[in-house]
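Q: Given next are the chains, with one letter for each unit.
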Amino acid sequence: MSEALALPFFQRALAAGLLVGLVTSLLGVFVVLRRSAFFGDAIAHASLAGVALGVVTGLPPLAAAAGVGVGIGFVLNRVERRSRLPIDTVLGIVMPFFMGAGILILSLAPGYQPELLSYLFGSILAVAPASLAVIAAIALFVMPVVLRFRRALSFVTFDPDGARVSGIRVDRLLVVYQVLLAAVVVASIKVVGIVLVNALLVIPAATAKLLARSLDQMFLLAPIVGVGCVTAGLAASYALDLPSGPAIAVASGLVFFAVWVRVSWRRRAGEPSRAEFPRRNAGLP
Amino acid sequence: MPALEVVNLTVQFEGQDRPAVDSVSFAVQEGTIAVLIGPNGCGKSTVLRAILGLVPFRGTVHVFGGPLADSYRKIGYAPQRLAFDQTLPLTVREAIRMPLPRRPGSDDEDSFRHVVEILGIESILDRPLGMLSGGQWKRSLIARALVTRPRLLLLDEPEAGIDVTGEQTIYGLLEHLVTEERITALICSHELELVTEYADVVLCLNRRLLGSGTPEKVLTPNALASLFGATPALYLHHHELHRDRHGPPPESSR
Chain A
12 MSEALALPFF QRALAAGLLV GLVTSLLGVF VVLRRSAFFG DAIAHASLAG
62 VALGVVTGLP PLAAAAGVGV GIGFVLNRVE RRSRLPIDTV LGIVMPFFMG
112 AGILILSLAP GYQPELLSYL FGSILAVAPA SLAVIAAIAL FVMPVVLRFR
162 RALSFVTFDP DGARVSGIRV DRLLVVYQVL LAAVVVASIK VVGIVLVNAL
212 LVIPAATAKL LARSLDQMFL LAPIVGVGCV TAGLAASYAL DLPSGPAIAV
262 ASGLVFFAVW VRVSWRRRAG EPSRAEFPRR NAGLP
Chain B
138 MPALEVVNLT VQFEGQDRPA VDSVSFAVQE GTIAVLIGPN GCGKSTVLRA
188 ILGLVPFRGT VHVFGGPLAD SYRKIGYAPQ RLAFDQTLPL TVREAIRMPL
238 PRRPGSDDED SFRHVVEILG IESILDRPLG MLSGGQWKRS LIARALVTRP
288 RLLLLDEPEA GIDVTGEQTI YGLLEHLVTE ERITALICSH ELELVTEYAD
338 VVLCLNRRLL GSGTPEKVLT PNALASLFGA TPALYLHHHE LHRDRHGPPP
388 ESSR
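Line by line, the protein sequences give chains A and B. Going by this note's numbering, the first sequence opens with residue 12, and the numbers climb by one from there. Going by this note's numbering, the second sequence opens with residue 138, and the numbers climb by one from there.
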């Protein structure tokens with residue numbers, strides 16, 4: 012492993028992975044708390060159309076994906092509030108439509124498209140300096156915004172009406188959230204790919220939720236778990252010659268499973284845990 | 138100047154053939170407890186939500202003489218219930234602090250400690266919201282509503298889901314806030330016993346405002362029968378008991 016750290020491509024991969032692991036798991040706290048995991052998935056799938064447009068038109072694919080992803084984030088935000096269709100139905104329409112459109116657009120480009128697989132499943136070991144710069148820019152943009160609006164976003168998640176009454180501009184804040192989500196999803200594409208993006212967006216935050224005894228703890232634990240999962244997946248990928256994106260996804264899943272087993276075991280042993288919250292008073296604890 | 142003035146408030150929901158709230162007008166004087174009563178579906182919660190700007194409405198709402206849009210910092214609100222994820226790792230401390238903007242040099246911490254003390258919730262501050270009893274939950278919601286030091290408190294059925302002792306505690310606390318801290322409260326309630334005991338003004342609502350005034354004036358058997366379709370002799374009996382116990386009606390004691 013130590014010799015790998017001397018290799019420039021591995022250094023870039025590690026830097027990209029750590030940045031993405033940090034920022035996705037931090038925003039992932041809201042994804043988990045707002046139960047909007049499939050929003051991230053829908054944005055990721057839609058961004059394939061952006062990647063395809065980039066490939067066909069010669070634009071940087073990640074930049075095109077960012078444009079489409081942010082646009083879809085805006086649209087979904089409005090649709091969620093105004094559509095009479097349930098949001099999961101809307102997402103079920105959006106995901107196959109844009110994924111299909113992306114593949115159709117790619118089919119217009121001449122010749123075989125070997126990059127398609129790298130966008131679908133990630134290619135962190137092949138992160139170019141330009142892609143690393145995009146990922147770093149997104150991380151540097153998202154992290155301070157999330158930290159700045161952390162309390163307000165938590166309030167909106169917990170009680171949107173209460174947040175409105177407190178003077179928080181809820182609709183604007185949710186637009187900001189969707190934009191951040193789109194940006195983070197695009198940053199994740201090179202690391203875990205469109206198909207596996209929820210591995211970083213959901214699993215570390217869900218793991219942190221199992222362990223945390225307060226929201227502050229969850230915000231602290233999620234990035235630690237996220238960075239740990241990326242590092243473990245990357246190390247396994249290098250040591251065992253495995254594809255990096257799936258290795259990170261599997262490492263994240265294993266960490267979650269291990270924590271879940273431990274928490275469940277402690278619950279059976281009679282120790283209090285997060286998973287033990289009573290559900291008997293749904294809506295009125 | 139009234140703490141709250143509502144003029145011709147009308148709320149019409151999309152797809153409904155008649156307004157949920159129709160041309161309701163009333164005023165609540167500063168330092169009093171006003172209670173909205175009426176049967177289920179009469180529009181009590183809708184009136185509160187309209188006053189808070191949470192549903193579109195026609196008419197005007199003034200808070201301490203100013204328009205609603207400029208008055209949010211003067212209002213505290215505790216809903217009847219919150220449909221939130223019970224496994225959310227959110228402690229009482231975190232929930233109460235949520236409305237506080239992080240301003241350097243502010244007295245937010247003093248305000249937080251004050252509400253914790255008067256609501257007696259020190260021991261549950263680090264407990265997750267999902268593990269609270271009904272009474273603890275209500276106290277926490279009221280604490281959150283009070284932490285920004287509002288002058289007008291809107292409560293939607295604060296007694297819902299808690300036992301009789303808890304009801305008395307919460308209404309007693311409200312009485313304390315009104316008398317000691319000059320807070321004005323507008324409450325939706327079904328508990329006529331508590332209304333007779335603690336309200337200064339009762340507002341009888343059934344989409345329209347059918348009457349308003351002191352409990353003695355409004356809570357007559359005929360008025361209640363027309364509002365609820367039943368003869369609530371029990372409530373008047375309790376009111377008489379309260380008057381015997383506590384002396385004159387509330388408005389003359391404050």
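Worth flagging that the hints you see were computed from the coordinates, not collected in a lab. Do not take every clue at face value.
To be verified - Label-pair distances were calculated between CB atoms; the ranges are:
no., chain 1, residue 1, chain 2, residue 2, range
1, B, G202, A, V186, 41 to 51 Å
2, A, I114, B, E259, 39 to 49 Å
3, B, R286, A, P155, 52 to 62 Å
Claimed, not checked - One side only, chain A facing chain B, incomplete, derived with CB under 10 Å:
no., residue
4, A48
5, L128
6, L131
7, A163
8, V266
9, A269
10, R273
11, R277
What the hints assert, rightly or not - What the simulated footprint calls covered on chain B by chain A, stretch by stretch (three residues with Cβ under 8 Å from a Cβ of chain A suffice, anywhere in the stretch; the number is not a length):
no., region
12, 188-196
13, 312-321
Glycine included, every Cβ here is placed at the ideal spot set by N, Cα and C.
Q: Run every hint past the structure and note whether it holds.
A: For each hint, the structure was consulted:
A hinted range of 41 to 51 Å is violated for the C-beta pair G202/B and V186/A, which are about 33 Å apart. I114/A and E259/B have their C-beta atoms about 59 Å apart, which leaves the hinted 39 to 49 Å range violated. Restraint check, R286/B to P155/A: a C-beta distance of roughly 30 Å breaks the suggested window 52 to 62 Å. Interface restraint check for A48/A: the shortest CB-CB distance to chain B comes to about 13 Å, outside 10 Å, so the restraint is violated.
A cut of 10 Å between beta carbons decides the hint on L128/A: the least distance to chain B is about 37 Å, and the hint is violated. Checking L131/A against chain B by beta carbon gives a least distance of about 32 Å; that is not within 10 Å, so the hint is violated. Interface hint status for A163/A: upheld, as the beta-carbon distance to the closest one in chain B is roughly 8 Å, under 10 Å. Below 10 Å, beta-carbon pairs count as interface contacts, and V266/A has none with chain B, the closest being about 18 Å; its hint is therefore violated.
A distance limit of 10 Å between C-beta atoms decides the matter here; for A269/A the minimum to chain B is near 19 Å, and the interface restraint is violated. Violation of the interface hint for R273/A is found here, the shortest Cβ-Cβ separation to chain B being roughly 16 Å, above the 10 Å cut-off. Contact between R277/A and chain B, as hinted, is not supported at the beta carbon level, the nearest pair being about 15 Å apart and thus beyond 10 Å. With 3 residues having a Cβ less than 8 Å from any Cβ of chain A, the region 188-196 of chain B passes the three-residue criterion, so the hint holds.
With 0 residues bearing a CB less than 8 Å from a CB of chain A, the region 312-321 of chain B misses the requirement of three and the coverage assertion fails.
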